[in-house]
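In the order they appear, the protein sequences are chains G and C.
Residues 1 to 333 in this note's numbering are what the first sequence spells out, letter by letter.
Residues 1001 to 1474 in this note's numbering are what the second sequence spells out, letter by letter.
Quick caveat, the hints were computed from the structure, so don't treat them as lab data.
Think of the CB as a built atom: it goes at the ideal place given N, C-alpha and C, for glycine as much as any other residue.
It cannot be assumed that every hint is accurate.
If we take Cβ atoms under 10 Å as the criterion, some of the chain C residues that face chain G in the derived model are [unchecked claim]:
| no. | residue |
| --- | --- |
| 1 | I1187 |
| 2 | E1400 |
| 3 | G1409 |
| 4 | R1427 |
| 5 | P1429 |
| 6 | A1451 |
| 7 | F1455 |
| 8 | L1459 |
| 9 | I1460 |
No more than 27 Å apart at the CA atoms, straight line, and that leaves these computed lysine-lysine pairs for DSSO-like [as the list claims (entries may be wrong)]:
| no. | chain 1 | residue 1 | chain 2 | residue 2 |
| --- | --- | --- | --- | --- |
| 10 | G | K187 | C | K1214 |
| 11 | G | K315 | G | K76 |
| 12 | G | K247 | G | K47 |
| 13 | C | K1140 | G | K315 |
| 14 | G | K329 | G | K247 |
| 15 | G | K247 | G | K271 |
| 16 | C | K1388 | G | K315 |
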Amino acid sequence: MFGKLVRNDVAWLIIFVAVILLLPVILGRTGLSRTPFDQSPTEELQKLNPPPEVVLIGDSMLGTRIVPEQLAKLSKSPVFVNILEGSASARWYLYLKNHLARSDVKPKQVVIFFRDRYLTDPSFRTSAQYQELLHASMLGEEPVVEKLLEGSDTSRFGWLAKFFEWLYPSQQLRDPAAEYVVERAQKLTENITAEGEEFNNALDRTFDMNLLRPDTPSELASEDLNEAPFDASPEKSFLPHMVALAKENGWHLTFYRVKRRPQAGNIREDKPELTEYMRDLRTYLNANGATLVDVTSDDTIGIAYYSDGDHVGEKMRGPYTVHFFERLKELFR
Amino acid sequence: MIFHSLDFIVFFVAVVGLYWAMPFRWQNRFLLAASWFFYGYVSPWFIGPLAVATLTDFLVAREIPARPGRERLLVAVSVAINLGMLGVFKYFGFFVDNVNAIFSSFGLTTFEPGLSIILPVGISFYTLQSIGYTVDVYRKRIAPCRSLVDYALYVSFFPQLVAGPIERSTHLLPMITSARTIDAARITSGLQLILWGFFKKVVIADSMAITANKIFALDQPDFALLWVGVFAFAIQIFADFSAYTDIARGAARILGFEIIENFHGPYLSQTPHEFWGRWHISLSSWIRDYVYIPLGGSRCGPTRNMLNLIGAFAVSGLWHGAQWNFVLWGLYWSFLTIGYRALGLETKPLLSSTRASAVGLAKIILLFLLTCFGWLLFRETNPTYLWKYMTLNPLTVSHEQLRVALFLGIHAIFFALPLLAYDILCRLPRPVLQAWQDRPVIRRVSELAVACLLFITILILRSHAPSEFIYFQF
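Model the full assembly from the supplied sequences, consistent with the hints where possible.
The following block contains the structure:
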């Protein structure tokens, strides 16, 4: 019977397509669970002694600009610099909601480092390799996150992508699978290479951003976001939710817009649409008790500060920290 | 539209369904409309140059038999229009840059071109395909196509329009003009090819692209690390380009067409001549038939033959891109070919089977290393860095970078293994392959198992950093 089916071309085509498409559906639904909530950022906050009065949040824009120890020394007040690698507005919101607000730490000031339109692009850095990090920041059901991410995918076949994600949950294994391959490769080299942390440090040192070619196209160049005008609607971005959280918890929110890599003459010029966007963002924040600090037009932050793309070089992080402190001195009083 | 996108999957499923539901007299028109939709999906203006090339060669070829004595002139018109378009879109910026470099070296004022030109994807591919048709008509290998729809479909058939294989009129046109029948076995086989292509692209090529890009982004990589980067690029470019071909062949097969194979285990070649018979076969055979042989090929003195080889490879290099490194890459392969011939390495020595295998393996490894050197010329477009990389001292390798290089090299080998396994399987002795063909139940069940494995691997191991096909830029 089976042999007969296999020999029949049409029957075999149907079996072939059905098995390929359905097998991963079945396999993907056995023993898979979403990344659980990671409690450690809250615990890290609780351990801080004295508790910080100023908390800085951001991605590598923060990580490559501020030297925490130096800032603490300059400000003479407890400061906590929390670099959430590869993060954007979804994780900043979740960090504020699920860690900072739930901890005993009650800072007066929260500063968020961002670039251009990051604050109002809710889906940015929420899929692919960022998904697991996002899940680790989610405390059970997160209706705000679910709703914003659902509504933000305006691509033509976004619904189909979502359907495939639902159909094949085994895609959640992408990070562990990639890590497994890396671990195997590492195991094979362990006789010569150092293991674990030390080896990861060797990798980090080899591909340090300061060792990149000056003509390297910035990985950030591809991260130019859409050119939509500013929209303060809670259905469109995490920004109003962050502002609301700040009001609830008595934090003063400062959004620090970093200067992207300048062009000739240390100048970075915005397109007219972005200038308009920033004006509207400032108006919105001022009306809601928050502040926008925009250093894009600051010509003292010249090309000499930068390594690759929008990142600041290691040697210039000290001077940048001083510059940052001078500019936001008020916050640390 | 790119193959590894949801847009393409939706488009292709819809096209296949409608295509097989309609009678033959509508199929070519429908496929032509689908092909133009596919091509103009992102930038509709790309259809302009495609339409010009199509119309030019359709009209010129029709006139060739009708105007005896003027055939050469007509071919020249076709070549001039096609290469003219290619020149404007692809080489104008390169020309201006070089003229400016010469001007500035003499202290003269350089000039800025008043227009910035975007290269329509696939123009290098369909230009050659279209010129090939006109020359084939001139050489009386094929009669001029009577239907503009059929000819336009030949030039713009969507599975192979953007990155080949470069089809021959004698091969594809007869398939277009004759009726196709739906065949379940061919559809299954087409799906297998597509799956294999997707696997190679999103699992292997895109993962290797991360390694290669990281290393080539370093200002001062050590010798070992750089060469691991080159190795990763060698895997990336093969997986990437052959993936495109496999998806193209699979898609065409589902539609009832059999387009030519473009790769056949190139990294298992022993000589440059063999390599070019296995790598980008449609381009190398096009250059052989329409450039090298018209120049005189090997039917001339050794010096002239050498010059013909250099010329043909230089054209091949320049075809890839408007950069001097591509020309250098072409010339490098011509010197390799000449060198192998001069040293008698092209011929197989008469040895016992064990010794022949050992020598064969050594030749494969040697040629692979030489191929990798060629990929360095191909990959690095900045002459300062190219020189820096070529002059790296292998003895001044830091221990730390050596460890990282070893790790990344093994990581790259993991990803290269499926490619190697596939190429070795394809080279199994004929009786073994025949025995496999003769056991349909075992064959089909194991093909299904492999296909499931590929699909699951695509789901869980595809790269987080998808990239376009490398050959889109050419």
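- [ ] Could you tell me which of the hints above the structure violates, numbers in ascending order?
- [x] Hints 4, 5, 13, 15 are the ones this structure does not satisfy, whereas the remaining hints hold.
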